[in-house]
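Chain residues, written in single-letter form:
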Amino acid sequence: MSSVKEQKNTGRTWWRSLDEVVASPVFRKKVQEEFPDGASELLATGNDRRHFLKIMGASMALAGLGVGGCRRWPKENIVPYAHRPEGTMPGIAEHYATCFDFGGIAQGVLVTSNDGRPTKIEGNPSHPDSAGATDSFTQAAILDLYDPDRSRGVTYDNKLSSLAAFKEWIASYLPNDGSGVAVLSEQSSSPTYSRMRRAFMKSMPNAVWVEYDPVANRNERRGLAFAFGGQWKTVHDISKATTIVSLDADILGAGPMQVPNTRGWAAHRNGIHGKMNRLWIAEPSLSLTGSNADERIAMTPMRVSAIATAIGAAIIGNASATLTATEQAWADRMIADLKHAGSHGLLVAGASQPASVHHLVARINEVIGAAGHSVSYTTLDSDYKTSISELAELIKAKDVESVIVIGGNPAYDAPAELGFEELLKTLPLSVHLSLYEDETSKACKWHVNRAHWLESWCDGRSADGTVCIGQPLIRPLFDGLTPSELLATLSGLATTDGQSLVRETFGGGEDVWDPAWRTAVHDGVVKNTASIETPPVNRRIAPLTILEDHGMVVAFKPSGSIWDGRFCNNGWLQEIPDTITKLTWDNAAILSPATASELGVKQGDVLTIEVAKEKVSIAALPVPGTADGVVVLPLGYGRRFAGRVCTGAGTDVYPLRRNNSWSATAKTVRATGETYPLATTQMHFDIDSTPGKGTQERLPLLFREGTLDEYNKHPHFAQHVGHTMHSLSIFEEQQFEGAQYKWGMSFDLSSCTGCNACVTACHAENNIAIVGKDQVLMGREMQWLRIDRYFAFESDGHGGWDGDKLSAVAIQPMTCSHCENAPCEEVCPVAATVHDTDGLNTMVYNRCIGTRYCSNNCPFKVRRFNYFDYFRRDPLRSTGMLQVQPDYYVKAQSGGKTLRAMQFNPDVTVRMRGVMEKCTYCTQRIQRVKIATKNTWVKLSDAEKAKDPRVSLQDGAIVTACEQVCPAGAIVFGDLMDKESRISKLHESDRAYEMLEELNIKSRTKYLARLTNPVNGSTGAGGSHH
Amino acid sequence: MTTLQSNQFCNTNEDPRNRPQLIRNHTDFGSVTDDILKGNDAARPPKSWWFALAISFSMMSMLGVLIGYLIVTGVGVWGNNNPVMWGYPIVNFVFWVGIGHAGTLISAILFLFRQKWRTAINRFAEAMTIFAVICAGTFPGIHVGRVWLAYWLFPIPNQMDMWPQFRSPLLWDVFAVGTYFTVSLLFWYLGMIPDLATMRDRATTKVKQIAYGVFAVGWRGSMRHWHRYERAYLLLAALATPLVLSVHSVVSFDFAVAQLPGWHTTIFPPYFVAGAIFSGFAMVMTLAIPARELWGLKNFITMRHLENMCKIILFTGSLVGFAYSMEFFIAWYSGELYESFTFINRAFGPYGWAYWIMVSCNVVTPQIFWFKKARNSIVIMFTASLFVNVGMWFERFVIVVTSLANDFLPSSWGIFEPTWVDVMTFFGSFGLFMTFFLLFIRYLPVLAIAELKAVMPAADPHGHGHSYNEMTPETDAQAALAEEDE
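Keeping their order, the protein sequence lines are chains F and R.
Under our numbering, the residues of the first sequence are numbered 94 to 1119, in order.
Under our numbering, the residues of the second sequence are numbered 112 to 597, in order.
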C-alpha cells in the first residue's frame, strides 16, 4: 500500500478511480509484499470494488485516501467512507483512551489520531497514575507501532507460514490435557489475560504456567509473601511523605511507576510555606532518584542492606549489621530524620535488596505509621508457582516438551546459567507470540506475530488496581494476535476476538450500546475499582546476613533508555541521551572515577568483566557518584535480533547475570587496551582541565540552587547570583507593537527530575528525526529540547575542585528561550528567523538557506541543523566514507510513504536538509487554541467583544507537548499578558531567574531555581553527596 | 664620480645613491619587454609548467567533484556540527580573502605612496588577489545548507517583496567582497591594457592577435591614451584604498558582531586587516620566489623587492602578535567570566595545539627578519612565508572553531573534527588558485611591463644619464652584491 506511487512513469500519478489502482500489477505485487497474509483473499476478489473496500478500507486510510481505518465503533464490518461519521472532521485530530501494559502495570493513555492514524500518545487525565502525564517509554511506543522491523506474519522454522496453518497444527499436536505443555508468559495486569489463563489451565489442567520478567521486582514479591502471605505489591503515595528514604530504589527513575512517583515527590519540592519533603538515598550508582536526592550516599547493594538493618535496629529493635564510620554517621542522621517524620516518613527498598529487607521495610513502615498513609498494598492476580529455572529443569527432564512463550524474550534475557535458548531449540513444539522475530522467535518452531497494543482491545490494572480498558486505534497493520486471543485460541474457546474477550471480562452482554461499557471504553478507566489495603505485617523477619564485598561488585540495572531490551528497536529511545551519563545508542560499564583510574581506564576503554565462567567486554564510562569498587551494567543492549535500529547497539550483559540477581562478584575486571566510541551528547572534561574548571566556575550562574534554609532567609537568592548591567539594545525594539499575547515558559528546576519524557514527547510532536550514533558522535543530534546535566564538585581547598567529591547533580531542561532580543535573528542574512508580535521566535523553514549563523550566535545552542535529510538516511553506527547509504539519493525527503511517515504530526512540517530548526513553543498547538477561541469570540455580541478586545485565552488552554507529559508539572507555558496566569505568577516568583540575563537577550523562558533540603541546610550547595 | 665599495651597497639603505637598481641588467626598454614576455612568447611552455598545471588542474577537478558530492548529499559531508556550525568552509573563506588583500594594498596604497618597487610585483599580486577572492567566494556559496538558494543573499527584487536582512554581517560580507572583487578586477584589467596591447603587437598567431586585441580595447599608446590611463589608474587606486581596510573589516564583523566570547571584540577590524596584509604578502612571496625562477624574472623581482616584503611581513606579523596579546589583556581586564575563559581555553584547552601553531608561525617566525641575513636568504624567506601561510590559516581556525566549540553553556560544548571532504576541499581550492595562476603567467603579462619601464633610469626625463648611479650601468660591485644575495 505504502508505495503505490512507485510506478515507472515520472511525475505524479493521478488515479481516475480506485479500480485503476487495484488493477495495476505493481499494486498487486505491493499488496502481496505488504500483506502476505490477506493478499490472496484480496486478490481473489478481482476487480470487485466493494469487496476490495471492505477488506482494505482501513489500510487505505493509511495511504491518505481518507477511508476511516480506526475500528472504534462497535460494528465489526468496515464500511466505505461514503458518509463522514458524525462528529469527525478531516484534519481535526481525535483522541481515544486506551492503556499500555508495561511491567505488569497499566499506563492509562489518550491517543491522538489523525484521520485514522494514531500519531501521539498522551497520558489519560482520568487515570489515577497518569493524571495526564506519561513517561518516556509510553511516549515512544507510538514509534514501535510503525516499526518497519515488526514481524509481519506467522512463521514456522523461520519460514513464512500462515495463522490458519498454525491453528491447524496446534490443534493436532497440542496434547488435550496439557501434559508436557508449559506457557511462559510475560507479566501482565490484564484481567482478561488472567481470565484466559484460567480458561487455558482449565482446558489443559496438566499444563505448567510460568511467568517471567527479567527486571521484575522478585525480591519484593517474596518479601511481601513473607510479610503478608500471598502475592502482593507495594503502592506508594509519595506525596504523603515528608521524609523518604530509598534503599537503592530508583523511585524517580524509569519504570512503570515513574509517573505517579515523580508527581508525588514533586508535589512538595517548591518550598511553598517554607516546607519541602526530603529524599534520602543509599545506592551504588547515580540514579535519577540519587541525582535529585537531598542526602545521598554511594555504596554497594550489600552495604545498602546493612543500612536497612541499622534502620531496623533503631525502629523495631532488630539486630544491626556493623556499619563503617561514614555509613553510621549518615544512617544516624537519616534515622533521626525518619523518626522525626513519624507517619510522614517512608521507607522504600529497591529490587536489588533481598526479600528479608523488603519484609523488614514493610514492618518498619507499619511501625512508623506510613502503612495506610503513604504505603499500601495490592494483591497480584498472577500465577508465580513455577519459576523459569524450574521450567528449565522440566524441559531438561523432558517433562515439558511444548512451550508456548507469550511475549517476553527469554532466549535473550533468561538467567544465564539456564542456557534457555538452547533448551528452546531442543523442544519439538515451541511457539512465540511477539512483535518482532527476535531471539526467542528464532529459537522457537513457531512465531506468531503479535498485534501492537495500539491495534488491540486490551485492559489492565494500574498500580492501585484501578481497571483500565483499551481500544484499538487502528486495524492491525500486519494482522497478528493479542496474548488473550492466542490463549483463547489455544484453549479452544468459542470467542477468540479481542473485543469480545475484553467485553466478556466485564460482564459481557449483548447490548453493544450499554452505557456503562461505553463510558468505560470512552474514559479508558473503570471508576472505583482500586483495591488497596494494608494487612498486618508478619513480625518474624528472617535475620539478614551481611556478607563482606570481595573484589569488584557487578550491579545490574534496567537501562533507562530501553528498559530490559524490549524497546531496543525504538530510535527515539536509543538516541535520547541517558540523563546521567548522556550516553546514546549503547550501554557502558559505569564506574567511579577513582575505580576507573585504579583500573587505568577512561571513557571508552574496553573492560573485560568476568563473572563465574562468563566474560563480557564492554566500554567503561566513569561517572561521579558511583560507589568505588562497583561496576554498574545496564541491561537490554547487545540484541542479536536484526532490527535496523538495535543492531550493534551496546553489549549484552545478561550472560553475566545468574539467577536473576541484581548483583554479582566479578572474578576479574581488567582493561583490554581496546577502545570503543561512546556517543555522549555532553563532553567529559577532567576537573583539572581548562574546560573542566571553566564549567565549575560558571555553574552557579547557569544553574541556581539553594537550600531550603537559604531560601527561607533570602527568598530572592536566585536573582542575586550574578551582576547584570542592563544595557540598551542598538536596535529599536518594536516587534511587540500590537501584541495580543505574550508567550512565556518556565522550567522548575526544583521539581524536574530529568526523566526525559518531555524530550520524547517533543520528538513525537514535532517530527524530529533521529540521526544515528555516527551523527551523535559528530555532535549533530536533533532534539529540540534537551536535558543538560552538570556535576558540581566540592572545592579542593586551594582554588580548584575535587573530582572525587560530587556535591550536586544539576539537571536543567534547555530549549529555545524565545529571547525578545533574539541574537539569532539579527545575524540571519535572509530573515529566515524572525519574531512574531506575540513573542515567538519563529523559524521560517522555506526561507532558510542554512548559513547556520543563527546557531553560532545562539548562546544556548538550542538550534538544530539538518545536515542531511535524516528521514531518508537510515541511522548508522559508524560513518563510512560516503556518510549515507546509496538509497539516500533516491528516497523522498520525508522518508517517502513509509510506515515511519505515518507517525508524522500533520500539523508540523517535516524539515528538509539544509535548514535550521528549533523549539517553536509548539506553535501548532498555540494556533489550534487561538483559532478555536477566536471563532468563539467573533460570535459574541459587540459589548462582550469590547470587554475582551484582545481575545484572551483561558490559562492552561494551550499546553505544549513537553508540558503535557511532565509528571512533575515542572514545565508551565502561558500568556504573560494575563497577569493572573500561572506563568505570569511564576515569572514574578522569588525563584525565577533568567539564564544569561547579562546578554540582554530577554528570554521568555525563565528558570525557577532549585531548592534542596539537606538536613543541615547550610552544608554544600545541593545536599551532601558522597 | 667616486668609486664605490661593494660593502657600501646595502639593500636596506634607502639612500637612493647606495642601493641597487630596481631592474637589473637592463638598460633599454626593448630588452625589458623581451625578457618579461619570454615565457609568453615561447611556442611551448616549459615542462615544469605543464607538470604544475597537471597537478593543479587535477586538484581543481577534485574540488568540482567534491562540490557536486556535497550538493547532492548535504553539508553533513563536512565535519561541522553543533556547536561548531562553521568549520573549514568559513576558515578557508577568511583565509583566502585575507590572501586576496595584498594585491590591492600593493597596487593601490603603495602606488599612492609612490613606492616604486611595487611595480615589479603588483601585477601578479593583483592576479593573486583576484584568484584568491574567487577561491574565497566559492566557500560561503557552498557552505550554506541549500546551495541552490544561495542567491537569496543578494538583494534581487522578487515576488515575495523580500529584502535580505540588512542587520546581518553576512550580508555586509556579500557587498564588501563583491565590491572588492569588482574593483580589484577593474584595477587589474585597467593596469594591464598597455601590456595587452604590447602582447597584441607581438602576437604571432591570428588567434592571439584577436584575443589580445579585443582586450587591449584599441590601445595605441598615444599621449592622450597615456594621460587618460594614468588619471583613471590614479582614481581607481584612490577608490581601492578604502577597500583594503573595508573588506577585511567587514569580514571581521562576521565575528565581531556576534556575541560569542572570542568573537565579540572591537579589536577585530584592525587586527583582521593587519593579518590579511600579513598573509597576503606571505602568499606573494610564496608565489614570487618560484615564479621568478621559473619565468626568469630575477632581474625584475630582485632581492631588494623580496627584502622589502620581508620587512612588511615583520611589521604586520608583529602587529598581529600585538593583537593576540591585546585580546588576552582585554579578556582579563574586562573581568568577564566567559570572555576570560575563552582565551585561557584557546591557549590551554582542547585546541591549545592549534593556538600554539598559530603563535609560533605568525608571531615567532617573522621575528627572524630582524636579521639581514634572513632577509637575504631565499631559503629562509621562502620557508618563513610558508610558515606564515600555515599560521594564518590556523589563526582563522582558532578564531572560528575554538570560540564556537566552547561558548556559554558547557553542556553544548563540543569538538570539531574535519572529515576527508573538508581537507580535500581545502586542497582543491589550492588547485583552483594555482590553475588560474599558471594560466595567468602563461597567457598574460606577468609583470607590469609599461610601469616597470617607468622606474628605469632611462625613463627619467631629467637625468641625462649623469645625476646618480641609477643612470649608469650597474657596476661590477653592485652586480657582485646582487649575486651574493641570491
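Treat the hints with caution; some may be incorrect.
Only pairs whose alpha carbons sit at most 20 Å apart, straight line, appear in this in silico EDC-like list of lysine to aspartate or glutamate [stated by the list, open to error]:
{"no.": "1", "chain 1": "F", "residue 1": "Lys786", "chain 2": "R", "residue 2": "Glu450"}
{"no.": "2", "chain 1": "F", "residue 1": "Lys990", "chain 2": "F", "residue 2": "Asp1000"}
{"no.": "3", "chain 1": "F", "residue 1": "Lys333", "chain 2": "F", "residue 2": "Glu459"}
{"no.": "4", "chain 1": "F", "residue 1": "Lys786", "chain 2": "R", "residue 2": "Glu447"}
{"no.": "5", "chain 1": "R", "residue 1": "Lys149", "chain 2": "R", "residue 2": "Asp139"}
By construction, these hints were calculated from the structure, which means they are not laboratory data.
Status of each hint after checking the structure:
1. F/Lys786 to R/Glu450: holds, 14 Å
2. F/Lys990 to F/Asp1000: holds, 17 Å
3. F/Lys333 to F/Glu459: Roughly 15 Å between the alpha carbons, so the hint for F/Lys333 and F/Glu459 holds.
4. F/Lys786 to R/Glu447: holds, 15 Å
5. R/Lys149 to R/Asp139: holds, 16 Å
The structure fails none of the hints (numbered hints given earlier).
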